[in-house]
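Visitor: Chain residues, written in single-letter form:
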Amino acid sequence: DQQVKQNSPSLSVQEGRISILNCDYTNSMFDYFLWYKKYPAEGPTFLISISSIKDKNEDGRFTVFLNKSAKHLSLHIVPSQPGDSAVYFCAATGGGGSNYKLTFGKGTLLTVNP
Amino acid sequence: DAGITQSPRHKVTETGTPVTLRCHQTENHRYMYWYRQDPGHGLRLIHYSYGVKDTDKGEVSDGYSVSRSKTEDFLLTLESATSSQTSVYFCAISEAYNEQFFGPGTRLTVL
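Here the protein sequences line up with chains A and B, keeping their order. Going by our numbering, the letters in the first sequence line up with residues 27 to 140, in that order. Going by our numbering, the letters in the second sequence line up with residues 44 to 154, in that order.
No lab work stands behind these hints, which were simulated from the structure alone. None of these values were measured; they are calculated from a predicted model. Idealized CB from N, CA, C, for every residue including glycine. Each hint should be verified, as a subset may be incorrect.
[Stated by the list, open to error] Derived EDC-like pairs: lysine to aspartate or glutamate, alpha-carbon spacing no greater than 20 Å straight-line:
| hint | chain 1 | residue 1 | chain 2 | residue 2 |
| --- | --- | --- | --- | --- |
| 1 | A | K31 | B | D81 |
| 2 | B | K100 | A | E41 |
| 3 | A | K63 | A | E41 |
[What the hints assert, rightly or not] Some but not every residue of chain A turned toward chain B, in silico, with C-beta under 10 Å:
| hint | residue |
| --- | --- |
| 4 | G42 |
| 5 | I44 |
| 6 | Y62 |
| 7 | P70 |
| 8 | F72 |
| 9 | F115 |
| 10 | K127 |
| 11 | L128 |
| 12 | G131 |
With the rest of the complex left out, here is chain A:
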């Protein structure tokens, strides 16, 4: 049972435009959500996070939106740059004694074309 779903395996956008990556979750106990970015042959790096008490968190070109009623979050990258081309993983945690474990989605490959 996949608790964190990234339904788009890939996304292609033009440089300068907005990239929107989506993530859905099923576990209502999740209360903290994270996005990681991964380049080939490297480990994932933390990008941005959001707590369930918020509906938006912004860090420079990156904004994460959370819609708790829909169990949906999205990552917006504006403007997109070629260096943003990577795999993006959505992750979630929360819910009692095991809240130090992250559950990851399968990832979305973002390609930003010059």
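Chain A is already provided as a structure; the job is to place chain B on it using the hints.
Guide: This is chain B only, laid out in the frame that chain A set:
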């Protein structure tokens, strides 16, 4: 960047042989994790540790064991490697229960 190293970075082995992967941290973080990354599966938790000698299973723990005798080291052992364990293995650490920091990965090929 968090001080996390993994060794070896690449390994090719044969089916049935034991393999040990090492994760070493210099951050003194309490929690350590082992994940594997496979196409179409994302990152899946194998085992994790919440302190020295305190470990527990993740979602794909069959065929793997771990040990943590010191805060800084977390070992992942494949007792008898199988071709299905060919993967990229990542170690991660965290102090708080939220953000995890990942190592560079170990690419393991089991022939």
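Visitor: Work down the list of hints and note, for each, if the structure agrees.
Guide: Evaluated hints:
For the given pair, K31/A sits about 16 Å from D81/B by alpha-carbon distance, which is consistent with the 20 Å threshold. A distance of roughly 42 Å separates the Cα atoms of K100/B and E41/A; the hinted pair therefore is violated under the 20 Å criterion. Between K63/A and E41/A the alpha-carbon distance is near 18 Å, which keeps this suggested pair within the 20 Å criterion. The beta carbon of G42/A comes no nearer than 29 Å to any beta carbon in chain B, farther than 10 Å, and the hint placing it at the interface is violated.
Taking 10 Å as the C-beta contact cut-off toward chain B, the hint placing I44/A at the interface is violated, the least distance being around 24 Å. For Y62/A, the suggested interface contact is upheld, since its CB lies about 8 Å from the closest CB of chain B, less than 10 Å. Annotation: P70/A was flagged as interfacial toward chain B, and the flag holds, the nearest CB pair being 5 Å apart, inside 10 Å. A least Cβ separation of about 5 Å between F72/A and chain B falls short of the 10 Å threshold, and the interface hint therefore holds.
Interface hint at F115/A: satisfied, since its Cβ lies 6 Å from the closest Cβ of chain B, which is below the 10 Å cut-off. Hint status for K127/A: holds, given a least beta-carbon distance of 6 Å to chain B, under 10 Å. Among the interface hints, the one on L128/A holds; its C-beta lies about 6 Å from the nearest C-beta in chain B, closer than the 10 Å criterion. The restraint placing G131/A at the interface with chain B holds, with a minimum CB-CB distance near 6 Å, inside the 10 Å limit.
Hint check: violations occur at hints 2, 4, 5; the rest are consistent with the structure.
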